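J.: The sequence shown begins at 7 in the working numbering and counts up by one.
Just so you know, these hints were derived from the structure itself, not from any lab.
Keep in mind the model is a prediction, meaning the values are calculated, not measured.
In this text, a Cβ means the ideal position worked out from N, Cα and C, and glycines have one as well.
Keep in mind that a hint or two might mislead.
As the list claims (entries may be wrong) - Derived BS3-like pairs: lysine-lysine, alpha-carbon spacing no greater than 30 Å straight-line: (1) K59 to K538; (2) K521 to K452; (3) K45 to K79; (4) K165 to K129; (5) K665 to K643; (6) K34 to K59; (7) K71 to K59; (8) K296 to K129; (9) K9 to K21.
Said to hold, decoys possible - Restraint ranges, calculated between C-beta atoms of paired labels, are given here: (10) T564 to K479: 19 to 25 Å; (11) P463 to K71: 55 to 61 Å; (12) K219 to E620: 50 to 56 Å; (13) K273 to R361: 16 to 22 Å; (14) K367 to P693: 28 to 34 Å.
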Amino acid sequence: MSKTLVIVESPAKAKSIGKYLGKNYTVKASMGHVRDLPKSQFGVDVENAFSPKYITIRGKGDILKELRSAVKKVDHVLLASDPDREGEAIAWHLTKLLEIDEETPCRIEFNEITKNAIQAAVKQPRRIDVDRVNAQQARRILDRLVGYNLSPLLWRKVKKGLSAGRVQSVAVRLICDREEEIQAFIPEEYWTLTGKFLKSAKSPFEAKLHKHKNKKIVIPNQETMDKILAELKGAAYVVSNVTRKERLRNPAPPFTTSSLQQEASRKLNFTSRKTMVVAQQLYEGIDLGKEGPVGLVTYIRTDSTRVSETAIEETRSFIMERFGPAYVPKQPRQVVAKGKVQDAHEAIRPTSVNRDPDSIKQYLTNDQFKLYKLIWSRFLASQMASAVIDTTSMDISAGDYLFRATGSIIKFPGFMQVYIEGNDDGHKEEESVLPELAKGDKVQAKDLTPKQHFTQPPPRYTDATLVKVLEEKGIGRPSTYAPIVETIQRRGYVVRENKQFYPTELGVIVVDLLKNHFPEIINVEFTADMEKKLDQIAEGEQQWAGVLRDFYEPFSQTLETAEEAIGKVQVADEVSEEICEQCGRNMVIKLGRYGKFLACPGFPDCRNTKPLLEPTGVGCPKCEGEMVLRRSKKGRKFYGCSRYPECEFVTWDMPTKEKCTQCGEMMVEKKSRGKEKVLQCVNEHCPSKGEKAASNINGNKKKTVKNNKK
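Working from the sequences, and respecting the hints, build out all of it.
T.: Structure follows, in C-alpha cells:
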C-alpha cells in the first residue's frame, strides 16, 4: 500500500483528522503560514510586475525540516489547509518549499472535520487553484503597498510608530464619522401621551395617543401637550376599531461569519477576535473522551447561509423526535443570503445536530460551551416551524383624538422554543394581552401620563454593529472582520468603552490627514470596489498584476504630492498633575497597548512610568483610601484601592457612594440582563435577598472579595 502525508495547519486539526484516516496516512501540521513578505523590507518589486519576495517565517525552520523529511518517506502529499483563499495560499507556499508539483492533484478541502467529509476529501484531490492564490497574493501585496508607503509618511509628519492600513483606515473613518455626527447632533424635544384604560378593574391596559383628526400626531412641547390634555378633559372614550390578525414569524437563518460575530457580541459579550478564536477551536476539534477529537462545527469563515441536504434531513428528524411533528415545517428551509456572496462554503452549523450542547458540556470550556450552544441553537431553530402570533390592534376614540393599543400573544412558539435572535439596541420584546373588547364599547381613562423625550443621536459602533456595517458596505471579507477590529484598537486609533468604540485624538488626526491627501484610500466605495476586483481575480476574470498596477500608479503620484504638501502635525501629550518622583517634571498621559498610562516627558533620560489612576470619588470600604479605575493586563477595566499594595480590595463593578441598607457596605453598579443598571452589595455575607458579592480579580479567575472591615 502507498503511503500518504496530509499537511494541515494546526496540531488540533491534525489530531482530529488523523483518527479518521488509516495507518497508511500520516498527518502533520505546518503551524499556519510558512513564508511571507519580509517585515524589515518592502519585499515587492514594483518595476517587475509587482513580483513579491517571499522568505521563510522566522521560527518555521524546524517545522519545514520535519515536513521535508516526512515528504521523502511517502508516495503522495495532500495539502489540507483551510478551504479559503488564505488556505489556498498556504498550500501553494508549501508546494514551493517542499518541492511539490502544484500541477499534480495535491490539494484537498473539506467544510467540516467529520469522518465522511475527510474520507471523501482524500479521494478527490485537485490541483492548486492559482486564481485563488493570486487573489490572496494581490490582497497581501496591496496592503503592503499601502502600509509600507503610508506608515513612514505618518512617522515623519505625525508621530513615530504609527501605521496605516488599506481596510483598517476605512473602519477608523467610519467610527470618526459617527463621532462627528454625535457631536453635531442637536436634540429635539417631543412628547408622548400614554393612557391607562379599563373596562373593568381586572383588565387595565395601556394605549398611546396616535392621531388627531386622522393625522399622525406630533407633540413638540409642553404647551401643545397642555392644550391636548385640556381638550381631553371630560372626553368620552369609545372603542372605534378592533383588528385581530394571525401573524407568522420565521426563524433567523443559520450563522455566517458576520452574523456569528454580531450575535456573540450581543448575547455573550464576546469581542470579534474572541468569537473567532473559540469558533476555530470548535471547528478544528475537541477531545470528547472515548469518542476522541471531534470537529463540532463546520468551517467558520463563510458568507453563505446554504445548508447541505444531509444536514437538513438529520435536523428534521431530530426536531420530529424531540419536539413533535408540529415543529417540523412542511418544506425544508434554504435561505439565500442577500447581496453578493462567494457561497464557497455552507453556513456555520454543528457537524451533527444530534450532539446537543448539554451532552458534551463536560468536555468544553465555558466559552466553548457558550459559543457552541449559540451555533447549535441558531441552526436548530433555523430548520423549525414558524411561530404563530395572534396580534390585536385596538383604537380608542376621544373626540378628534385617537389612542392606539397593540398586543400580541404567542399562539404556537415554533422555533422560539429554542432560539430568538438578538438586536443591537438591547430591547427585549414584551408581550401584552389586551382585554376582550368590541367596537362601540366604552372604556374609562383611569390615567393620562404625559412624558417628555428628546431625539437621540445615532449610537456609537459596537463590535456587532461595526462588523455589520463592514459587511453591508462590502469592506473586507469574513476572514478579515476580527483582525480589522483588533488592529484599529491596537494601533491606538480607537478605544472600546462600555462595548462602544470611540476615536482617539490620534485616530481623528490620522483620518483627517488621509481624507485631505489620500481620499481614495479612505473612501468606503473605493475600498468596496477593490474587494470586488479581488473577487474577480479569484474567479479568473482579472489579472492580479494589472489590478495592482491600476491602483499603484495614481497612488504613488499622490504620495509624492502629499510629502510636499503635509507639514509637521503636532500631537501634544496631555500633561497631568502627577509629579515624577525621579526628576520632578509633570508626568504626561500616554496611550499604550493596555490603555492610558503616565510617563515622564524626560524620556530617554528619565524612563519613569506608572499606571494612570482615575479617581471615582468613592472611598475604599476596607481602608481610608479611594477607589480608582485601573486596567488588567488584558486591558479590562476594574476598580481598586489607591493604596495598593497595602490594600488589595478590588472589584470589576463601578463603585457608588450608596450604602447597603442591610449591612452598611458599599454598593456597586452592575448591568442586568435587560441592560438596566442595578445596585448590588459588595459584601458576600450580606443578607440582602438575591444580591451577590462583587468579583475579585485574580488572573482570569473570579473569586469573591472578602470585605471584612478592619
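J.: Take the hints in turn and mark each one as holding or not.
T.: So, going through the hints one by one against the coordinates:
no., hint, verdict
1, K59 to K538, "holds (26 Å)"
2, K521 to K452, "violated (58 Å)"
3, K45 to K79, "violated (34 Å)"
4, K165 to K129, "violated (55 Å)"
5, K665 to K643, "holds (23 Å)"
6, K34 to K59, "holds (27 Å)"
7, K71 to K59, "holds (21 Å)"
8, K296 to K129, "holds (27 Å)"
9, K9 to K21, "holds (18 Å)"
10, T564 to K479: 19 to 25 Å, "holds (23 Å)"
11, P463 to K71: 55 to 61 Å, "holds (58 Å)"
12, K219 to E620: 50 to 56 Å, "holds (55 Å)"
13, K273 to R361: 16 to 22 Å, "holds (21 Å)"
14, K367 to P693: 28 to 34 Å, "holds (33 Å)"
Hints 2, 3, 4, counting from the list given before, are not met by this structure.
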